[in-house]
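**Q** Now for the letters of each chain:
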Amino acid sequence: MMETRKLEHERRQRILERIATLDTLPSLPRVVSDMLRLLADANYNIDELMTLVQQDPALTARLLKLANSAIYGRPRQIDSLHEAMVLLGAKEIHRLVTTISVMRSFDDAFTRGRILDKEQFWAHSVGTGELAVRVAAHFGLDFRGVDFTAGLLHDVGKVVLDQHFHAEFRDCLDLSHRRGLPQFEAETRLLGLDHADVGERLAARWGLPDSLSAAISQHHAFDASHASARLVACVRLGNHLVKDENLSCLGEDSLWELELDPAWHLLCSLKPMLDEEGKRELLAAMRRDFKGSRDRVRGMVSEITS
Amino acid sequence: MKSTLVYLISSDAPWAGHLDEMVRDERLGRVQLFPVGRGALAAYRAALPDVVIFDLREERRDVTVAMTMIREIFPRMAAGGVMVIGSADPDDRVALREEREQLALIQLAEYLPRNTPDSFYVERIHALQQRAVEFRQQAELPAGSQGLNSTLGAIPSATKAGAASPEAHEIPVPVSAAPVKGKADQAAPLEIKSHVRVLLSRPEQQVALLEALLDVGARPLQLGDNGALQNSDDDVDFLIVDSVCAERHAGLLTQMRRSIPGLRIIQVPDEGERGMRRLSRDISALLATSVPAAGPAELAEQIRARVSEDSPVPVLLLVEDEQNIRELTAHYLLLQGYEVHQAEDGMEAMGLFKVRRPALILSDVYMPRMNGFKLLLEVKNRVPELPMLMMTGYSSAAEVLNSSKYRNVSFLAKPFRLSELGERIRTMLGAAS
Numbered sequence: 001m002m003e004t005r006k007l008e009h010e011r012r013q014r015i016l017e018r019i020a021t022l023d024t025l026p027s028l029p030r031v032v033s034d035m036l037r038l039l040a041d042a043n044y045n046i047d048e049l050m051t052l053v054q055q056d057p058a059l060t061a062r063l064l065k066l067a068n069s070a071i072y073g074r075p076r077q078i079d080s081l082h083e084a085m086v087l088l089g090a091k092e093i094h095r096l097v098t099t100i101s102v103m104r105s106f107d108d109a110f111t112r113g114r115i116l117d118k119e120q121f122w123a124h125s126v127g128t129g130e131l132a133v134r135v136a137a138h139f140g141l142d143f144r145g146v147d148f149t150a151g152l153l154h155d156v157g158k159v160v161l162d163q164h165f166h167a168e169f170r171d172c173l174d175l176s177h178r179r180g181l182p183q184f185e186a187e188t189r190l191l192g193l194d195h196a197d198v199g200e201r202l203a204a205r206w207g208l209p210d211s212l213s214a215a216i217s218q219h220h221a222f223d224a225s226h227a228s229a230r231l232v233a234c235v236r237l238g239n240h241l242v243k244d245e246n247l248s249c250l251g252e253d254s255l256w257e258l259e260l261d262p263a264w265h266l267l268c269s270l271k272p273m274l275d276e277e278g279k280r281e282l283l284a285a286m287r288r289d290f291k292g293s294r295d296r297v298r299g300m301v302s303e304i305t306s
Numbered sequence: 001m002k003s004t005l006v007y008l009i010s011s012d013a014p015w016a017g018h019l020d021e022m023v024r025d026e027r028l029g030r031v032q033l034f035p036v037g038r039g040a041l042a043a044y045r046a047a048l049p050d051v052v053i054f055d056l057r058e059e060r061r062d063v064t065v066a067m068t069m070i071r072e073i074f075p076r077m078a079a080g081g082v083m084v085i086g087s088a089d090p091d092d093r094v095a096l097r098e099e100r101e102q103l104a105l106i107q108l109a110e111y112l113p114r115n116t117p118d119s120f121y122v123e124r125i126h127a128l129q130q131r132a133v134e135f136r137q138q139a140e141l142p143a144g145s146q147g148l149n150s151t152l153g154a155i156p157s158a159t160k161a162g163a164a165s166p167e168a169h170e171i172p173v174p175v176s177a178a179p180v181k182g183k184a185d186q187a188a189p190l191e192i193k194s195h196v197r198v199l200l201s202r203p204e205q206q207v208a209l210l211e212a213l214l215d216v217g218a219r220p221l222q223l224g225d226n227g228a229l230q231n232s233d234d235d236v237d238f239l240i241v242d243s244v245c246a247e248r249h250a251g252l253l254t255q256m257r258r259s260i261p262g263l264r265i266i267q268v269p270d271e272g273e274r275g276m277r278r279l280s281r282d283i284s285a286l287l288a289t290s291v292p293a294a295g296p297a298e299l300a301e302q303i304r305a306r307v308s309e310d311s312p313v314p315v316l317l318l319v320e321d322e323q324n325i326r327e328l329t330a331h332y333l334l335l336q337g338y339e340v341h342q343a344e345d346g347m348e349a350m351g352l353f354k355v356r357r358p359a360l361i362l363s364d365v366y367m368p369r370m371n372g373f374k375l376l377l378e379v380k381n382r383v384p385e386l387p388m389l390m391m392t393g394y395s396s397a398a399e400v401l402n403s404s405k406y407r408n409v410s411f412l413a414k415p416f417r418l419s420e421l422g423e424r425i426r427t428m429l430g431a432a433s
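Chains as they are written, first to last, in the working numbering: chain A, 1 to 306; chain B, 1 to 433.
Keep in mind the hints are simulated off the structure, nothing from the lab. From the three backbone atoms N, C-alpha and C, an ideal C-beta is built for every residue, glycine too. Each hint should be verified, as a subset may be incorrect.
For lysine-lysine, the following DSSO-like pairs were computed, each having C-alpha atoms within a straight-line distance of at most 30 Å [said to hold, decoys possible]:
| id | chain 1 | residue 1 | chain 2 | residue 2 |
| --- | --- | --- | --- | --- |
| 1 | B | K374 | A | K271 |
| 2 | B | K380 | A | K279 |
| 3 | A | K291 | A | K243 |
Output of the computed footprint for chain B on chain A, the stretches with three or more beta carbons under 8 Å from beta carbons of chain B [to be verified]:
| id | stretch |
| --- | --- |
| 4 | 180-193 |
| 5 | 257-264 |
All chains, please: the whole structure from these sequences, using the hints.
**A** Encoded structure:
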C-alpha cells in the first residue's frame, strides 16, 4: 500500500511537471477576472461593467447575438449593450460574458482533445454554475458571480487531461466504468492526481482568487473547515444536481443521494430551524427551480459553439 | 522423513521453476507455485506446506489480497516458516514489520532486491525446511512424552529480537517456548492432546472443518476418505466421521476401535455444508467459552450435543465486485458459522435480498452497475432497520457514509482484518436482535 502511494506520488509529479512546461494551455480572458473584481464591490456601477465588455467588440457582438436568440424569446430586437443590460440584468450579462469568453479561449483545447464532447462539457459546466447560484440563493448566500464562474470552471482540468494525456485519460474512464468508480477516484488511482488538481494548477496560472481556486480544487475533496467551504459546497451540490438533470460531463450518474453529501449538511447547518421535512421541501424546490433551465443551458451552449 | 513442501505464492513462474530445480537438487522437497490471489489460499489449506514464500515484489496490484492472505496463513503455521520477499522499499518494510509483530509465528521476513542470488534463497529455504523437520520430529515423539502437548500448546514463536530486526539476514532461532497469541492461546486449557482425524465424504467440507480444527490447536492428520485410516498406530483420540462415510467404511471403523484404545469416534449427521458450518463454529465456540480442561470424552460429548442442537444460522449477504476479496471474505464468514450469499454488485444483491432475507448486508461501495449507495437507498426504503456494514478504501465514499442519515449503517475501512470484520458483524447482529 505504501508502495502504491509512492508510485502515485511519482506519477503525480510527472504529470505536474509536464503541465508546468506546456505552453499551449488555455489562457483565461482578462474580462473574466476583471468582472469578478467589479462585482465584488457592492456599489459597482453598471457603466463600469459596460465599459469592460465594450473593450472587446467581438465579445459584444456575440453577446448581442445571444440576447436576440430564441433562448430569451424577446419580442423586440435588442440593438445595444445598454439595452441588453437593462432587459437581461447585470447578473445575466455577467454569466453570458463569462461563458462566451471562457468557451472561446478553450476552443483550441477541444480540437486537440478526443474524449470530451465540447457541447456536453460546456452544458455540464454552465449548468453547474447556474445551479451553484441557485443553491446559494436558496440558502440566502450571494457570492457575487464567483459561484457561477467556479461552476463554469470546475472541470477545466478534464479538458487539459483530455488534450495532453488522452491515453491516460481514456484508461481512467475505462477503469471508472469497469469498477463503478467515480471518475476522479479512477484518475487518482492511475495518475496520482485528479482533474480537480489539474484545475487548481490552471487557477494558479491564471492568478484566480483563493475562493475560486478552492471551488475548483475541492469540488471532490470537500473540506468543511475551509474558509470558502460554503462556496465550494454550492458548486459541489450544483455539480451533483446537474447530473440528476441529465447534464453530466461524460454521461455519468450522480453516485449518492444528495442528502448524504457533507456539503448538504454544511449548508443545512446554516438554517438551524430546518427540519427533515423542510430539507426535503427545499431540495425539491431547488430541483423544480432548475427544471426549465436545462433546455436554455443547452440552447445557449450550442448557440455559442455554432 | 517425509519430503517437505515449499509453497511459493508469486506470479513469477520462471523463477519458481528455477527454485524448484535448486531445492530438489538438495533433496529437501519441491516448490509449488501459486499466483497471488484466487486459488492460492485454498491450495495452502489443502496441503499445509512446511514453508510458504510470499513474493510481493511484482504484485503491487494485489498487495491488499496478499496482505490478507498473510494474515490468514501466518497464525496457522505450526512449523517451518514463512518468508516474505518484499521490495527493498523502506515503506514496505515498515508495513510488513507491523504486520509481523502482530503475528507470533512469522519466522522470517526478508526484504530483497530483484537481483538477489539464487543461492541466498536456497539457503534460506533449506533452513526453514530444516526447522519444519525438527518440529515434526518433536511432534512425533511417543505419547506421554509431552512432545506433542508442548508443540500444540506452545509453539515457539520468533524471538523478540528476531522480530525487531527485519534487515538481519540470519534466521532467528527460537530460544524459548512462548505461548502463541490469539486463538491457540485460548486453546491451551482444552488440552486436546493429540490428533483429530478427519474423515468426511465431501472434500469442500473437509476444508471448512480443517480450518476449525487448526483453530482449536488440534493436528489433523491426513485428509481424504479411507486414506486417513491406513496407519492405525498413530496417536489418535478423535475421529470425526459423517454418516455416509461411516457406512461406507464400517469395517475399518470397527478395526480402528479395536486397535486404538480410547479412540472417540464422533459421528456427525450428513447435513451437507450447513451442518459442517455448525460443527466448525461449535469447535470455535467451545474455545471461546474456554471450558476448563475438558477431557476428550467431555469434548466429544459437547461437540455432539451442539451439533444436534438446531440453532438458526444468521444469513448474510456479501456484496463485493472484486472476486478475490469477496471469496476470501465469504470463506471466513462461512467458517464463522454464517450462511453467506454472494453478489458482485448492487443489482445482483437486490435480487438476492428479496429472496434470502438476510439478517445483515455487507457491501462494498464503488461497484459497476449499481453501487453501494444505491443499494443502501433501495434496501433502507424497504427495511429501514436492516443492519448494513459498508466497506470501502476510498476516502470520498467514507466521507459520505460518515454523514449517513440512515440507522444501523456502519462503515469499515478497507483493508481490514477478517477478525475485525467478524467482530463488527457480531456487534451489529447483537445490537439488532
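**Q** Can you confirm whether chain B covers the stretch 257-264 of chain A, using C-beta to C-beta distances below 8 Å and requiring at least three such residues?
**A** holds (count 5)
**Q** When I compare C-beta atoms, does the stretch 180-193 of chain A have three or more residues closer than 8 Å to chain B?
**A** Check passed, 5 qualifying residues.
**Q** Is it true that the CA of B:K374 sits at most 30 Å from the CA of A:K271?
**A** Holds. B:K374 to A:K271 sits at ~28 Å (cutoff 30 Å).
**Q** Taking 30 Å as the top limit, are the C-alpha atoms of A:K291 and A:K243 close enough?
**A** Between A:K291 and A:K243 the Cα gap is close to 12 Å, so the pair holds against 30 Å.
**Q** Would the pair B:K380 and A:K279 pass a check requiring their Cα atoms to be no farther apart than 30 Å?
**A** holds (19 Å)
In terms of the numbered hints stated before, the structure departs from none.
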